[in-house]
Each structure stands twice: as C-alpha cells, then as structure tokens.
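**Student:** Given next are the chains, with one letter for each unit.
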Amino acid sequence: MERPAEAAAAIDQKMKNRYLTLALLTSVLHTRGQQDSIYHHQRVSRTDIEVLFGYYTQNGDHSAITGGTGTEKLRVYSPEFTIAHHRDSAHTLTLNAGIDIISSASMDNIDFVVSSASRLSARTHGSAAYSWKLRRSNTHIAVQTGLSVESAYLSLPLGVSIEHNDPSGSREWKASLQCYFDDLRYGWISKEYFRPVGLIYPAELRDTNWFPNYRRNSYNFAFSFYQVINPRMQMAFFPEFVYQKGLLSTPYHRVYFKGSSERVEKLPAERWKLPLAVQLNVFAGSRAVIRSYYRFYHDELGITAHTLQLEVPVKIHPAFSLAPLVRFYTQTAARYFLPYHQHDVTEAFYTSDYDLSRFDSYKAGLTLRYAPQRPMSPGYTFNALSLRYAWYKRSDGLTAHILTLLLELEHTRVHALHEGFNHSD
Amino acid sequence: MHTIDRYALYTITLLALTCVLHSCTPVKPYQRAWLNDAAMRPGSTGIEKFDINVHTIREGASGGGNGKASGGCGCN
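So the sequence lines, in the order shown, correspond to chains A and B. In this text, residue positions in the first sequence follow the numbering used here: the first is 1, and each later residue adds one. In this text, residue positions in the second sequence follow the numbering used here: the first is 1001, and each later residue adds one.
Please keep in mind that the hints were generated in silico from the structure rather than gathered at the bench. Just so we're clear, the structure is a prediction, and the values are computed from it rather than from any experiment. The beta-carbon is built from N, C-alpha and C at its ideal position, and this holds for glycine as well. Hints may be right or wrong, so weigh each one.
[Said to hold, decoys possible] Not everything, but these chain A residues come out facing chain B in the computed CB check (under 7 Å):
| hint | residue |
| --- | --- |
| 1 | 313 |
| 2 | 358 |
| 3 | 391 |
| 4 | 393 |
| 5 | 402 |
| 6 | 406 |
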C-alpha cells in the first residue's frame, strides 16, 4: 500500500513543481509586460530656442524721401527671439517676437528736420503659429497670425499651410496662403498719439489729401516642392504668386517733375508678383556642401529680375564649418520710375524710388558656424552659434554691411504619462 | 514680359522637371547620411532671415522660397 501512496506523492510533487514553474514564468513575463507598457507611454517634448541679432548699415545718395536725391544713411539693430515647442511628434507651437530699432537720416527729411542725431524709429513684431499632424498620414496643417507695428505702419498677417511628406522621405510638398492686412496711417506708436491719425505726407505737401485710401492688402500663394535626386543631391522648387491691392505708394516719398513742380509718389492700386525659384543642394566630397539658388521674378510694374546665389559650407571640424557666399542680382526698372526732375506732370503714375530703378547688386559674405550639440545643464543642449557677415553693393552707389548672430538652444523633457502606470497596476 | 525672359522661364521649368522625373534614384534610409546634414536642408537657413528681409526692402523682387513678401514698411 505504501508504494502507490509514495508514487502518488511523487506525482503530486511533480505537478506542484510544474505549477510553480508556470507561475514563475507567467510572473516574469507579466513583469516584462509591465515594464514595456511604462516605456511606451512616455512622451518626449522638445523646445527649440533661437536668439537672433541683426545689424544693418547702409549709405547711398538716392533717397526716395527727397525725390531720388539725398542721403540714404541708415542703421538698423534687430534682436529677435523664437521658441518652437514640439509637444510631441505631431503638435508644434511657434512664438516669435522682435524689434527693429532704426536710425534713419532720410526720415528727418519728411519734415526737413536738421538734427545732430538721426531720428530713431522702431518696428515691433510678433507672431504665433500652430501646426499639427493629421492622424494616420504624413500631412501637417499649420495656421499663423501676428502683428507688426511701426509709427506709420501696422500689419496684420494671417496664414494657413498644408505640408505633405512622402513615406519614403524622398519627396515633400507644401502649399501656403499668407495674407497681410496693412494700415499705412501715422501715429500707431508715436509718443504724441498712440492711435492712427492719418497718412503722413512730406511737410510742404500737407495741404492736399493725396490718397483717400490708407489700406494695403497682400495675398501670397506659395508652393514648395522638395525632391531627393540621389543620396548626395536634392532639389527644391518655389513657385509663388502675390497679389497686392490698395495704397501701394509710400505717402512720404517725393517726386520732383521737370520744372519746379513737386508731388507725392503715385503707383497703381494693384500689383501682382510672380517669383519662381529653384534650389539645388549637393554634398560634394566628404566636407563641402554646394547650395545653389536661382530665382526668376516678374511683376506688374514691369520689373523683371534674376537672382543667383551660391553658398559653400565647408566642414573644417565635425563641429565647425565655414560658408563663403556670393550673390548676384539684376533687375529692370519699373515702368513708372524716373530719376530726380525727370518726370513729366502729364504722367498718371510716377516714382523716383531707386529700389524700383534698373540696377545690379552684388553680395559677398562668410558664415562661421559652431555646432557642438553639447549638453549644458539637465535638459538643455547648446546646439549652435553662427555668425554671418555680408557686404552688399548696388550699381546705383548704395553700399551696405549686414551682420547677423544666431544662437540655437534646445530643451528636452520626458513626460511619464499616467495611462502607462494605470495599465501596469 | 520680354520674349527672352519668357524663354528663360520655360527653359528653367523644363530643365527642372526633366531632372526630377528622370534623374531620381530611390534612396534607402541608411543612405541618407549626406541628405540629413543640416547644410543640405532645402529652403533658407535660420541665419539668412535678416539678409532676406534686407533684400525684400532694398530690391524690387521678393519671394521664391524666401519667406515674407510683404508685411512691413521698409520705406527708409
């Protein structure tokens, strides 16, 4: 009788061991499952921080304020701050704010003020954009708005865009509509008023109300298409159409006619612009990138322009690069442009603004970029510091220097989501 | 628009389309090391922003992958 009892006990023990092994295995697998579920429920947010400082100085002798003659001396200091918060891989909020402090000798000549220091004016601007990715697709939608204010100008931009990336990563297109609703009245941020009081005309021409309309609306339809050609080359196309309507003249630009007559600049109330650009980027060898850009432009005023730019970033060190650049630009004159004292009083439209004259311009510059992508403190990374200088010359005698400094930082944060922990309990 | 400019526009468009349609080779993810470099990004770079603003104001032409084509006075 003992033998069957012992055999039964042994079988029972074996069964217990099997159950125990199964329970342990289940427990281990369950624990791994718990760890996986916590890992998958983390969200990483990233914030890109950009601080840009621009300095611009120019000198020339064809100011439009004094009818195409006189000083164009100008200095602009332009700090700007941008934050792009990527909540996750689908949602991005971008905020931008900046101010341009402008010291202009020609602005004094609206009133023919003789001062030891040039008049200071400012433009403050801010914008906000929000983009999100549509579910189960590689398509992003974005909306954008903002405000730009200076003493004789207020601009309200509104925009929407759609962007689609091909799943293979070799093709991308983007379409956008950007509208600007501008008001050219003076007084917005003037110390005396802080409200719009009317268009500002040259001091000696204020006895006439030259323009009944003070609004300017612009509608920009822009399309961009990126295509990878091969592992070292990609191309982009930028066709665009711009339509402007309203007061396109600048109310304090003078025009001097043959004889002694003088009026305020007058341009048509409508203008369309057609830019079409092509960009080709090639990685040559193991250190250099050739960035080439060409733009054709034509508009209703009769300006036809060609722009050619070549920039070659060369990697001196994994974190340091030098990028020399050259740019050539040429344009024909607007059909309403004539120099000082050349216009005839019988003309319907007239301007002596040399920005609309026939000229060529040349630019040469250098960008230094240090991009260590080094962690600074927990969560913060120093991505890059860039310094760019460019010398600019126009064939009508205007020369300029442009200096830009850009600091790029990044902040990342890991968010543990509650759903992950609840699931594992 | 002058005839020569119109021909230039057509030629560039045709050349560009030809490049895109006939010269593209499929690029696998592990072959994207060159393309993913920051300097290879199409469009304008962040540090170009101020230069572009200057060109928009000081020249008759604007736009073409360069950001804004209006929205400020720039009348100085």
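**Student:** State for each hint whether it applies.
**Tutor:** Hint check results:
Here the hint on residue 313 of chain A is kept, as its CB sits about 4 Å from the closest CB of chain B, short of 7 Å. A hinted interface residue such as residue 358 of chain A counts as satisfied when its beta carbon comes closer than 7 Å to some beta carbon of chain B; here the least separation is about 9 Å, so the hint is violated. Look at residue 391 of chain A: its Cβ only gets to about 12 Å from chain B, farther than 7 Å, so that hint breaks. Against a cut-off of 7 Å between C-beta atoms, the interface hint on residue 393 of chain A is violated, since the closest Cβ of chain B lies about 11 Å away.
Against a cut-off of 7 Å between C-beta atoms, the interface hint on residue 402 of chain A holds, since the closest Cβ of chain B lies about 6 Å away. The interface hint given for residue 406 of chain A is met, as the beta carbon of that residue sits about 5 Å from the closest beta carbon of chain B, less than 7 Å.
Checked against the numbered hints above, the structure breaks hints 2, 3 and 4 and satisfies the rest.
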